Structures are given as structure tokens and as C-alpha cells.
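Chemist: Listed below, chain by chain, are the residues.
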Amino acid sequence: MTGGHMHGGGAPPPPGERASSGRLLVTLGGAGAVAGGLIVLVFAATSPAIEAHRAERLDNAIREVLRGPDRYDTLYVTGTQVSVDANPDAERVYLGRDASGRPTGFAIVSGAPGFADVIEVIFGYDPTTETLLGMKVLESKETPGLGDRIEKDTAWVGQFVGVVSPLEPVKAGRGTGKPTEVDLITGATISSRTVVRIINDALARLGPALDPNGGTPP
Amino acid sequence: MRTTTPRQDLMRGVWRENPVLVQALGLCPALAVTNTVANSLAMGLATFFVLLGSSVLISSFRRWVPGEVRISTYILVIATFVSVADMTLAAVVPDIHKALGAFIALIVVNCMILGRQEAFASKNTVARAALDAIGTGTGFLIALTMMGAFREILGAGTFLGVSLFGPGFEPWVIMILPPGGFLTLGVILLLLAAVEQRRVRRRAMKQDPTPLRRAA
Chain A
1 MTGGHMHGGG
11 APPPPGERAS
21 SGRLLVTLGG
31 AGAVAGGLIV
41 LVFAATSPAI
51 EAHRAERLDN
61 AIREVLRGPD
71 RYDTLYVTGT
81 QVSVDANPDA
91 ERVYLGRDAS
101 GRPTGFAIVS
111 GAPGFADVIE
121 VIFGYDPTTE
131 TLLGMKVLES
141 KETPGLGDRI
151 EKDTAWVGQF
161 VGVVSPLEPV
171 KAGRGTGKPT
181 EVDLITGATI
191 SSRTVVRIIN
201 DALARLGPAL
211 DPNGGTPP
Chain W
1 MRTTTPRQDL
11 MRGVWRENPV
21 LVQALGLCPA
31 LAVTNTVANS
41 LAMGLATFFV
51 LLGSSVLISS
61 FRRWVPGEVR
71 ISTYILVIAT
81 FVSVADMTLA
91 AVVPDIHKAL
101 GAFIALIVVN
111 CMILGRQEAF
121 ASKNTVARAA
131 LDAIGTGTGF
141 LIALTMMGAF
151 REILGAGTFL
161 GVSLFGPGFE
171 PWVIMILPPG
181 GFLTLGVILL
191 LLAAVEQRRV
201 RRRAMKQDPT
211 PLRRAA
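Residue numbers (my numbering), protein chains in the order written: chain A, 1 to 218; chain W, 1 to 216.
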């Protein structure tokens, strides 16, 4: 047993200099243990910061699409049931409130596959007027310079403020001025259409559960 | 059996044997993430860190790693440094980490790094391996930054996000798209080859100003 099947490629070692199987195992096992230990240490040291960044990004996005609420509550939706009790299986929505505690709208996170990988967006929605308060792309790997205009083109993103649900995607410049219309981006048709579809699908799914009065207060 | 000076160990990788521009190694990140200067710098620095760490460690343990398991050991060491770099970038500069995406994890399979371990660090002292890694890492960083500047300036009209030409500039979008990476690398290699050719011709002229007459 010289562990011949463990050769790492290249020329075979000269005869008489073969390391024993035990030594090979000790070398690889030792290196693996050290590597594993180091990775676990760094993971423990960095994960609070990484988690904090993620939470901060979501918090900023919620405040942005709810247009600066005084505060917001996290609600858990299962079917048409809305609850304030934490439930890992339920879909989360965020209910913004103004200074007097009146609900101002819901922030909803949803995603779907775009042109490259999943696009995840967050949008604010006011159920009393059925209008959108704003939209922000949380996660996307769309083509730089074309598809990524769904997050970088401020004029396009700005269209989502005040647009009425359900949204109707129209070719840029072909709109008839209806309040439900969203212009698509030339050169990023798939990406921009996906954003519109994500919002329409999320509202079709969650709309019945979202009480215009913000559900039962806790 | 020292055949090179420390200065040569250090400088070799920076320019004369530049990993990207001369050896054409590590082209995947060089083409994929050089669409902005910031991404190029982050990628170059992360790779520099992984290369230096791996070279020092592998050179330190070179006597104890049997040849049969050396490749597996090198990859294990490199992958560990990549994981450390990945998590550190995510914790310290989350925006850049997000922009680089999967390409940080792919530093593991950057053949420039494994190449330096196999060709140099596993056969030389720690000090020489460190010099070699610093030189090669710097060369990689320079090449990526050159490409990033070229592509960002032409493709977005900005440098490190600062607008250069004002609103009248129509960006040459293809330069920040994948084809722009190939175009940029091609143009840079062409320019370097032209410079090198001229240098060789000049040197030949200096040594022997009348080559034609002699040949005849």
C-alpha cells in the first residue's frame, strides 16, 4: 500500500522516495484541520458585520420605498392571514407608520429570475389608493450598462413613484399616459419587464391580505 | 543554486514576466471584473493577499509536504486564504464585495497563483517566495488597474466613479460589457508588443548599426 492512486499528477516521484500512506494522510489531514480552524475563526469574526450590513441595507431600502416613515412594523403573511408574531415560514412585509401611528403603506420584498440570475426588488405600496410609493432593486446581476439600468437609471426608477397597480409595461415612448403605465427600457426589455412582473405578481399574491388600515394593531 | 538576485525575484513579475500581459495567466478575472477601476483594484488586492499568504505558507512547509499530495495541499491553502479574503471583503467593503460577486471565490482557480506555488514557492526560501509573490501580485494589480481605467473611462466616462467629460459624453457602453474586456486586453497587448518590438530593433541598431552591409 503506497497510495499510488493518490498521486497529484505530474511525473511520478523517483523510486525510493515515496512517502508512506500514513504520512500523506497526516499531511492532508493536518492541512485540512488548520484550514478549517482558520476559516471558522474568520467566519465567527466577520459574520456579525456581514449580517449587520445586510440588515442595514434592507432597513435603508424599506425607509426609502416607504418615503421616510416615522417607524415601521414587520408583519408576517401566510395566505390571507397577517400576524405580528414572528414566523420563519411566512412572507414578511413591512408596514410604515407616520408620527401619529397611522399606516402609510407596505414595503414588500419579492424576486424572480431576470436576464441573469434572480432580480430581487423592494417596493412600497399604499393599498388605500392602490399606488406604488417607490421601487428599489435589492439584488441583481443584470448586464452592466444595459440591464443594470433597472437600478441605476434614476428616471426609470422614479416612474414607480405614484404608478397605479396593476402595472402595465409599455414600450418606451409608446405610452398613452394612463396612470398604470410603466415605460420599459430599450436594450433592457427583459430586465425591466421582469421588475414590473415581480411587482404585479407580489401584489396579486399579497394584495388580498393587505388591509388598507394596516391590519389589526398589536 | 541561487540564480537570481532578490531584486530580480521582486521585479520579474511586475513587468518583464507580468502574469496577465506577458504570461497570459489569470485572464478570467482580468476580463470579467475590470469594468471599473474600483472593482479592478479590489480584485487585484484580494489576489495579491491570497498569493502572498499562500506563497509564504507553502514555502515555509515545503520540506514537509510530500510530492504526492502537494497539489491538493496547495489548493487547500489557497482556498483557505480566498475564504478569508471573501469574508473580510464582505464585512469591510460590502458594496465592492457585491460588485465582484462570484469572482472572489474563483480566485481559488486562478492559475497564476497555483503556478507560482508549483514553479517557485515550493522550491525556494520563504524570503524569496515572498518577494516573488509581491512582484507577481503587483504585476497582476497593475495589469487589472490599467484595463479597469481604460474600460471605465471609455465605457462610462468616469474614473473611480468621478465623471470626467460632463453630461455631453456618450459612453462607449461596449467597453464595460464583456466584449470590452477582450477589446481592451487586445489593444493593450498590441501596444506593448509594438513598444517591445521597437526596443529590440533599437538595441540591434545600436550594437550593429550596419546590419545590411555586413550581411551582404
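These are calculated hints, taken from the structure and not from any lab test. Check before you lean on any hint, since a few could be wrong.
One side only, chain W facing chain A, incomplete, derived with CB under 7 Å [claimed, not checked]: (1) ASN35; (2) ALA38; (3) PRO66; (4) GLU68; (5) VAL69; (6) THR73; (7) LEU76; (8) THR80; (9) VAL93; (10) PRO94; (11) THR158; (12) VAL173; (13) ILE176.
DEER-style ranges, computed between Cβ atoms [stated by the list, open to error]: (14) ARG71/A to VAL126/W: 32 to 40 Å; (15) SER20/A to GLY161/W: 55 to 63 Å; (16) PRO179/A to ALA105/W: 53 to 61 Å; (17) SER21/A to ARG7/W: 21 to 29 Å; (18) GLN8/W to GLU139/A: 41 to 49 Å; (19) VAL126/W to ARG205/A: 54 to 62 Å; (20) VAL170/A to VAL187/W: 35 to 43 Å; (21) ASP95/W to ASP89/A: 29 to 37 Å; (22) THR189/A to ARG16/W: 45 to 53 Å; (23) ASP95/W to SER21/A: 21 to 29 Å; (24) GLY187/A to ALA204/W: 49 to 57 Å; (25) SER20/A to ILE188/W: 18 to 26 Å; (26) GLU64/A to PRO167/W: 53 to 61 Å.
Just so we're clear, the structure is a prediction, and the values are computed from it rather than from any experiment. Every residue gets a Cβ at the ideal spot worked out from N, C-alpha and C, and that includes glycine.
Chemist: Honestly, which of those hints from before does the structure not fit?
Modeler: Of the numbered hints given earlier, those the structure breaks are 2, 9, 11, 14, 16, 17, 23, 25 and 26, listed in rising order.
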